[in-house]
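Given the coordinates of chain A, assemble chain B onto it according to the supplied hints.
Chains as they are written, first to last, in my numbering: chain A, 1 to 343; chain B, 1 to 122.
Read the hints as simulated data drawn from the structure, not as lab findings. Any given hint could be a false lead.
Claimed, not checked - Label pairs and their computed distance ranges (CB to CB):
| hint | chain 1 | residue 1 | chain 2 | residue 2 | range |
| --- | --- | --- | --- | --- | --- |
| 1 | A | PHE24 | B | PHE101 | 41 to 51 Å |
| 2 | B | PHE40 | A | ILE54 | 53 to 63 Å |
| 3 | A | VAL290 | B | ARG58 | 42 to 52 Å |
| 4 | A | LEU338 | B | LEU26 | 46 to 56 Å |
| 5 | B | ARG41 | A | ASP10 | 27 to 37 Å |
| 6 | A | ILE209 | B | GLU37 | 46 to 56 Å |
| 7 | A | LEU278 | B | ARG114 | 22 to 32 Å |
| 8 | A | GLY64 | B | SER86 | 53 to 63 Å |
Claimed, not checked - Every beta carbon over 10 Å from chain A, so not counted as near; a handful from chain B, in silico:
| hint | residue |
| --- | --- |
| 9 | LEU26 |
| 10 | PHE70 |
| 11 | VAL97 |
| 12 | ALA107 |
| 13 | PRO108 |
Ideal placement from N, C-alpha and C gives every residue a C-beta, glycine not left out.
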Amino acid sequence: MVNLPNTPADIVPFIISIITSHTFITLVIFPGMIHLMIVSAFLTWYERKLLARIQLRIGPLYAGGIGGILQPVADGVKLIFKEVIVPYKADRTLFTWIPLVLIFLGTLPFAVIPFGAHWVIANLDVGLVFVFATTSLFPSMIIIFAWASNSKYPFIGGLRSLFQQVAYEIPMWISALSVVILAGSVNLVDIVKAQSKIWFIVPAFLSFIVFFICIMAELERLPFDLPEAEPELVAGWYTEASGAIFMALFLALYLKLYMMSALTTVLFLGGWWGPGFLPQPVWTILKAMVVATAIIIPRGIYPRIRVDMLIRIGWTRLLLIALANVFITVLVVNSGLLTAWGL
Amino acid sequence: MALNPWVVIVIWALLILLLTGPLLTLPYLMTFPKRKEDPFRDMPFESGQVPQGEARHRLAMQYYPYVLMFVVFDVVGMFLFAWGISFRAISASASFVVLLFLILLGAPLGFALRLALRRENW
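So here's chain A without its partners, still in its complex pose:
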């Protein structure tokens, strides 16, 4: 802890000692704000480019100078200066501030997600529970936003989003439970440290599959993008969003995409572990980008499934597989098959 300044001459060293402190650097630069802004802008560009490659969309494929890398900046500038249109009889307060809450909820879990052994903002003992608690607030905020916008399409989209995220939350938790049993901790740093010899995708492959399907549904990605189904619901729960509100919602969604990819990396893909020629944070970001690619690619390939099929798959198949996983993990741990890897 730095000493408080006593004399005016101490103020400059005091400020320097704060700026160079580990907490400040993690908060502002690396796993913190600047890194998140750059990566979320990159992800919007990356998704467009990837879908353009898959579906031969001429515009995003060739637009712009340096591969169109300035397109996110141009979008941001355009959307900030557009007029915010609040629909007739909409709840203006909720309509304007819920996007901010969504960005807040999308950014808050990054405090506990480790990008390296020391590259973590807050080494919290209940990290995984904190992440799940924060992400489970998303559907309620979405239904409030949909209710506030006083329009029929957002309302139906918000209800669908609520059902979908509620249905896929439970299999997600229970499939993450097998990782908790294997690592013996919910501290995300400890979970990654336990994977130094073997990544948890190997002993818990089934729960990785369930977890991956569940985060696809939580992120409302195709084939589970019923809340924003374009042919039926125009744009789903953000139909009425315009200008800065639209930008804030998209920023929140891309932050959530990156957060879920990083969480999958930390839980199953060994976090920062990798060959030593690259530093630890680079490995985490690379693996998170691979997961994000795997989440984005189905958007260019698969059709959308029906809403009753979605709910039924979530509750009957995924929940039962996730519960069976708990038993499998208990058997694997008790049988001592993993003692060679220190688990």
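Relative to chain A, chain B alone:
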């Protein structure tokens, strides 16, 4: 010397609000003082037509059995985390009780799924 992680999380939350607040506050302040009433601009989107009826209407709460299952498995999932952390510390007979409880929960789960898969119960 490191700060308490909860203090760091509070600082992080304040930092998020500080940096993302202007993103929405500035357009809000730029737009709203000079607004005029415009019934066509402020109309909710309904495929180009004048909106009919209430937007916040009462929808039938479908998939009701699934919601009841959520109430059970939300709490169970939470307590299973506490068991999962201490799995290696407690004896196998203690874990057996938890697993037995999960097996016993399978019977009402099967019944609820049987109800939920019937179309007339939606």
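Each hint tested on the structure:
1. A/PHE24 / B/PHE101: 41 to 51 Å: holds, 47 Å
2. B/PHE40 / A/ILE54: 53 to 63 Å: Between B/PHE40 and A/ILE54, where Cβ atoms are some 38 Å apart, the hint is violated.
3. A/VAL290 / B/ARG58: 42 to 52 Å: With a Cβ separation near 45 Å, A/VAL290 and B/ARG58 satisfy 42 to 52 Å, so the hint holds.
4. A/LEU338 / B/LEU26: 46 to 56 Å: holds, 54 Å
5. B/ARG41 / A/ASP10: 27 to 37 Å: Because 57 Å falls outside the window, the suggested range is violated.
6. A/ILE209 / B/GLU37: 46 to 56 Å: holds, 54 Å
7. A/LEU278 / B/ARG114: 22 to 32 Å: At roughly 52 Å between Cβ atoms, B/ARG114 and A/LEU278 fall outside 22 to 32 Å, so the hint is violated.
8. A/GLY64 / B/SER86: 53 to 63 Å: holds, 54 Å
9. LEU26: Nearest chain A Cβ is 7 Å from B/LEU26, so the label is violated.
10. PHE70: Label violated. Min Cβ-Cβ 6 Å, cutoff 10 Å.
11. VAL97: holds, 12 Å
12. ALA107: holds, 13 Å
13. PRO108: Label holds. Min Cβ-Cβ 13 Å, cutoff 10 Å.
Hint check: violations occur at hints 2, 5, 7, 9 and 10; the rest are consistent with the structure.
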